[in-house]
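Participant: Heads up: the sequence lines are chains B and D, in that order. Take 1 as the starting number for the first sequence in this note's numbering and just add one per residue. Take 1 as the starting number for the second sequence in this note's numbering and just add one per residue.
Everything labelled a hint here was simulated from the structure, so no lab data went into it. Here the structure is a predicted model, which is why all the values come from computation and not from measurement. Treat the hints loosely; a few may be bogus.
Computed list of chain D residues with no C-beta within reach of chain B, every gap over 12 Å [unchecked claim]:
hint, residue
1, Asp497
2, Lys510
3, Thr533
Where chain B lies over chain D, by a calculated footprint (3+ residues, C-beta under 8 Å) [to be verified]:
hint, stretch
4, 95–103
5, 664–678
Each residue gets a CB set at the ideal place from its N, CA and C atoms; glycine is no exception.
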Amino acid sequence: MGRSFRIAYLIDPRAPGGTSSAVAAELRAIAGLADIRVYAVTSKMFSGAEISKNLREVFDELEIHLIWDSEEIAADVVVAHNLVFLKFETEFPTRIVTPHLVVVVHENFTRRGGYEPFDVAHALGLLARSGAVIRRSLAPVSAFNRETVANWLAGRPEANVWTLLSEDWHNICDHRMIPPTSSPADRRGRHSRAGFEKFPSLDAMDLCFPETAAANVILGADTFIRDGIHRPHWQMLPFGSVELGEYFDMIDFMVYFCAATLQESFGRVVTDAIAAGKVVITDKATAANFGDGVITAEPEDVSDIVDHLVANPSDYVRQATDAQARLGAFSAEAFRARHAGLFDRASSEAALS
Amino acid sequence: MILIEAGARHPRSFEGKVHFAQLLAERGHRVAIDAETLPEGLSRALRYDLATLLANVEETDLDAVVVLGAEAIEDATLSRLRRVLLRSPSAPIHVIGRFDTVQARSHARTRLAYAIGREPTLVDLLSTQSGTSPSAVASPFVIPVAEAPPKDLGALPALYVIITEDLMEEPQTIATLGAVAFMKGFRLSAVVSGKSKERIRQSRYAGLSVFHFSEIPPWILAKSADMAAFFGEDVPGERMAELAGLLMGQGKPVIDATLGAVFQSAGAPALRGPIDVGALPYFLEATVLPNAHAIGADALKSAWVRTRDIAQVEARLDLKPPPRKRPTDSDVGQAVFFPTNGHGLGHARRCALVAAEMPKQDRIAFAAFPSCVGMIQSHGYPALPLVSRSPMHEDNFDNDILTERRLARLVGPEDHLIFDGGYIFDSVVRTIKRTGCRSTWIRRELFRPGQINAIEAEREGEFDRVIVPRECFEELNTEGGFKPRVHPVGPIVDILDPAGREGERARLKKAFERDFDRLVVTMLGSGTSSDRTAQLNALCLQLEARPGLLHLIVGWPGSQLAPGLFQWKTTRVVRTLSSANLAQAADFVVSAAGYNSFHELVYNRVPTIFLPQIASFLDDQERRAAAAADRGIGAAVGPEDFLSLERLVNEWLETDQPDAMRAELGRLELPSPGAADAARLIGEAMG
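Chain D extracted, bound-state conformation:
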């Protein structure tokens, strides 16, 4: 284990050492950051990075220690090293710094030698690196240098446009950026300050792909970018300077469109470009794209890049990266499904249905939250359990940090990550960018008015493809115009054999030792988004006195059901992963109108009284319920309308209305289910 330490105890220095540690880790070194040095107020992105790096180094056998920023070593750092090295008395110590005088060099070496009782190896970046850094940096500003530039930039190269705050404040900049993003030949993402990002989100260009400077660390951004252009007075901070360096090290074009030509002034092999964002597409088309390979090759030959090669530092410090694992036959890509748990198991069920249609069943894996794991495994797929959010966590993304670590075990560059969920977690974006894996987002629609939130719009661009399972009724679908990466498919729904209905009723009679002639099933959700206890109790009370009736309240394992529901004689509570069978067996169902339940009920021809969930963060269930009611295949009741619910239930029990509806459902023409199409699209992308 190599401990990476910084001379100064400052958040900037800390970030610098995390950046350097990540670069080494990427090259296969086992690196650690001392957990004791964690500063307050870390950025969210940095906390994700640290998850794989932090260690209790006093309990760790160290192979080496690298101290960065050695020109300003603080006593606290020296004290800490004295203690840490007690366990590893023979670990070599290396110091890296920028020493502008012989005295500064002697001072750093001597202080460290005195503190730890050993002589360190010293690397003076000022004497080894050609040119200067385009921005003051706390990290050593070393970069992995590729042997050759990328063969080509692909059909739709990813262009990152980095813009300083002062330029973003000019009134025309956002509009220009929005216009440039629509031009052909590249896929644009803007990288701006947090304040500017918020301004873009509030503007009419909210759909622009945009990151703020500290949102994704440079080492991850650099992997997903094919080229970058820098606009404004100068380079907006060291993260962006590092990003530029990393791109140049990969032989990817970097365009210096800064007013002061800061990259060129620093001696860096960036291409001087137009300072006007609006002129960028023409510059790309005429100059950069046709010559990208030559531009990259020139960058790789430059002294500025070569003298920053991290391999040189490795050689100086005798840090040998472990040999890279050679690809084996077992390294063929797999499809990794990552469904969120949402408020039921809908996402996981949808993924399982798509997975079942995929041709190579031995190349499928799942990462899923605990509530979904059993269901996925019941379909025969391995499921890596993730950690759910918890009020015990300090921040609401703490569990997602762990998710990224677990995804790192499961997803490699050759894999295809299929995410099904509304909110796209940081772990998903980081995994895609870090591994460069192919990616698909399965995203249902039927948004509430104004609900298309910024995160969805922003992060949609992170996926290679978006698969949109359609609603079964046309008026519920959004006609969003032509979007090359968005692929609508038919409703993804589990269709049961109608012949199974009688068998299921017989099974239930036996299981509950009740010879019922009427079966009512109630499925009002997991209780997470809305508490439906009052409605459930009202139904139980209403149905209690009816002879020959069995009422089943159905919930997912883990759904919140009030203990009082277990006291009724006519009502039984069932927790199950296969509610569709129970619903199919029922005379009618009282249900919420979530995507999966709704489509299962419609496609399996089950008359239903819909009580839509109305939480603002859910899809527009009221419109689904209304669409069913309009077609005479169900009824829609407001969740607080107890009287209507009671009246409808009595009416449906005492008349043949459910049978009429069942007949109507049988006559209904429904779109073909889309699971097979979704599987085909994913399969195509996997090759």
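Same shape as in the complex, but just chain B:
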């Protein structure tokens, strides 16, 4: 009997927010498929941060022992999640030996306006130059994310060592589905990391979270708190200060707009809310991954939409339930089926030949 198929994950486990949540769900999804090792990098990007809570839990659960800053990573497949953690590194001394290196992109390669959010070529270059790799793949997390990566690659012939995986590497949403309330109230909220990019202008925030609402819960409001933004009708909570379940108990509508210069590559916060049985109202670009599962709007339209659904609870329930049905596309089963070829030796070798 041959040795088991080995998958190595390359991450900085201190990354907060969506990437860590996605990796945690992914580790659970493929736990039985292969021998998993997790190689941790202490990048400058997350210097001083703690290991993300989601990941800590899954490492305990799966008895995964982190291997920090290893000189070498050798596996049948190496999956590097979100290469943005390499953006401040001047070198990457770890030697990667694998037939297939997959970089799960997470971040869009270009922002709205066409500018790179970080030096993509530099980060990819660090990985491309490290060790012995036969195949290097870029795995986008959504259709829009794929578009930015494809456009980026098209303009850079020097990056032809990288190929685009044919299937999106979507975030796995393994949430427990909670039925929506049948008596929604005008209780609004939003949750995200505290970064500026996750928030629209203050004017837009005021439209989304007005005094007339029964509740406005802003989880991840660290910058508003720090800057002394005075909104007595907002409940401003620092990122990570309450459990998501507790936060979702306080709201019926997730109203999520981000900076006009940011397009979410996947929108994990949206899946969190849908799974919690909430109606999500967001901008058209963020909604793209979720079809009719979310309601698209401009900030000035939000109150009318909320008023309508509060007055028509059956519409509210229908919207929330339909959305949950759509989350099946992001399930662990769907992920395993989509990437089955990557996680066993025969398919993997066939792909390389």
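Please build the complex by placing chain D on the supplied structure of chain B, with the hints as guidance.
Facilitator: Relative to chain B, chain D alone:
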């Protein structure tokens, strides 16, 4: 309005943005610095600069925002911009920085774009500027670049010698500097650390023109300098590096006499010079002065200068400076008199007397403190009111910051600023340097021993001319030897028509409904420097019982007079701007011995008992009083000598001594008054 912001919240970054803002303001842009970003412990010079720049930007419509030092944008800056831009959602954002990697550039752009929800325009100085900065700088190190170097450096070019602290600590440096300053062909000012400046002040070279590094901002220094030489290990900080850049941008010679040739190493078009300060005059004479134009022209052609041209940044950021106002016929220069209020109205009266002698009466303006404004206006001149010092101000120069702003409205490059006062305010020096206007200092002398203070000695060199109104008695004048820029003139004094005396007495009899036959006038000052209430009360008491006598206590409007002085029957309190008329009408006067009062009394032949003020910061009034007493035209009494005062007053009332003195005064030969000469000197300078 263009908001200039810095990525980092650090005093150095703040200073960098003020410097850049000033350069833009000088080019006609309307710029603002966010008052919310003011750091603690600002230097005095920076506070003057900020007076025209600080704004409540949340309440301001912004046309653009320029963020400097974008390689290190802090969250606090981003938060602030988010808030500030709520009012100006369409104002373009520009970021300027030095990005040593693509990642640094992407990072800065992305952080800003995320924070404000718009894409900024980005300027990477590392890729646009040739060479390097001779010192680490927080500002963009851009410079206005002249089309051509100055035609010539003038007869006496201003040379700034910048010396590092380590070189100043060497024992021979101050002496060498002192010797070099006396050599012909240039006017030297040293720019050194605050500590070294203090050492120079304590040395035998106290009269050297010297500034400390942060005393005058580089953009103002650069206007008044014709050339500069840098000595020591390196460039002493970014202000001095900016100064060098600004001079090179104007095509003025910059001499790199640093040990490490730091300017040359940075690729800057500075001329390598001798590292020894003592060799500088020979280098200037042999190399720099004969070739100054060519040196300047070479600098202007260099890539180092051209790639730092502020016009290029303006073009990149689409910041169009408003068109310069073309000179019109009404832009002919005017004489702007700025008298301090001192402890009376002496300075303002002197200026008014000089102004009255000037030929072009429609080209005269005044800037004056409120106590003097009425008097000046009574002479028919416009007076821009200034703000006086107040204990309500946090620092004792706060009002002077406002003075500079008001002077900026009144004084242009074509004008002539005439300052009359003992202490030369920063606002005066800055106005002269900033506008390049001609300047005259009217400065009386008769210092107390050791009183020639450092500031006077240091700042005298800022003026094109110094006019010294002489004392009427020769032994009171200082014979300071030959000083080409110092012009003594006769005493500046208001001489009344002697025939007016009887008319004035008649007027007073009518005004006070008192048919007096003896009139005593007491003028003991404004009460600011010394409280003379006890002496005044003693006089009032002494004169109260005398029939047929009127005693007038005369003060300026605004002088401090105790309420109790109003209770006497024989005494009346008069506040007036024309005390000379009252004094002339008196049988005798009891007076302090300030320059104006003393000379008015002597020239108008008024017998006087002098009670000199003896405050250490005033002139030597005791010597004036003694000179009058020695000539038998007055008496001198110590301010605390109540018995002598009482005895003298009784004696003068009961004998004909005042008449004898008046006769003696009539025989006295006095120098011709100097107001007309002073006016002529100012007129000559104005052209």
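Participant: Decide, hint by hint, whether the structure agrees.
Facilitator: Results for each hint:
1. Every beta carbon of chain B lies more than 12 Å from that of aspartate 497(D), the smallest distance being close to 71 Å; the non-interface claim holds.
2. Even its closest Cβ contact with chain B, about 70 Å, leaves lysine 510(D) beyond 12 Å, as expected for a residue assigned away from the interface.
3. The non-interface label for threonine 533(D) is consistent with chain B: the shortest C-beta to C-beta separation is roughly 54 Å, beyond 12 Å.
4. Proximity of the stretch 95–103 of chain D to chain B, defined as three or more residues with a beta carbon under 8 Å from a beta carbon of that chain, is established by the 3 residues found.
5. For the stretch 664–678 of chain D, the stated coverage by chain B is not satisfied: 0 residues place a CB nearer than 8 Å to a CB of that chain, which falls below the threshold of 3.
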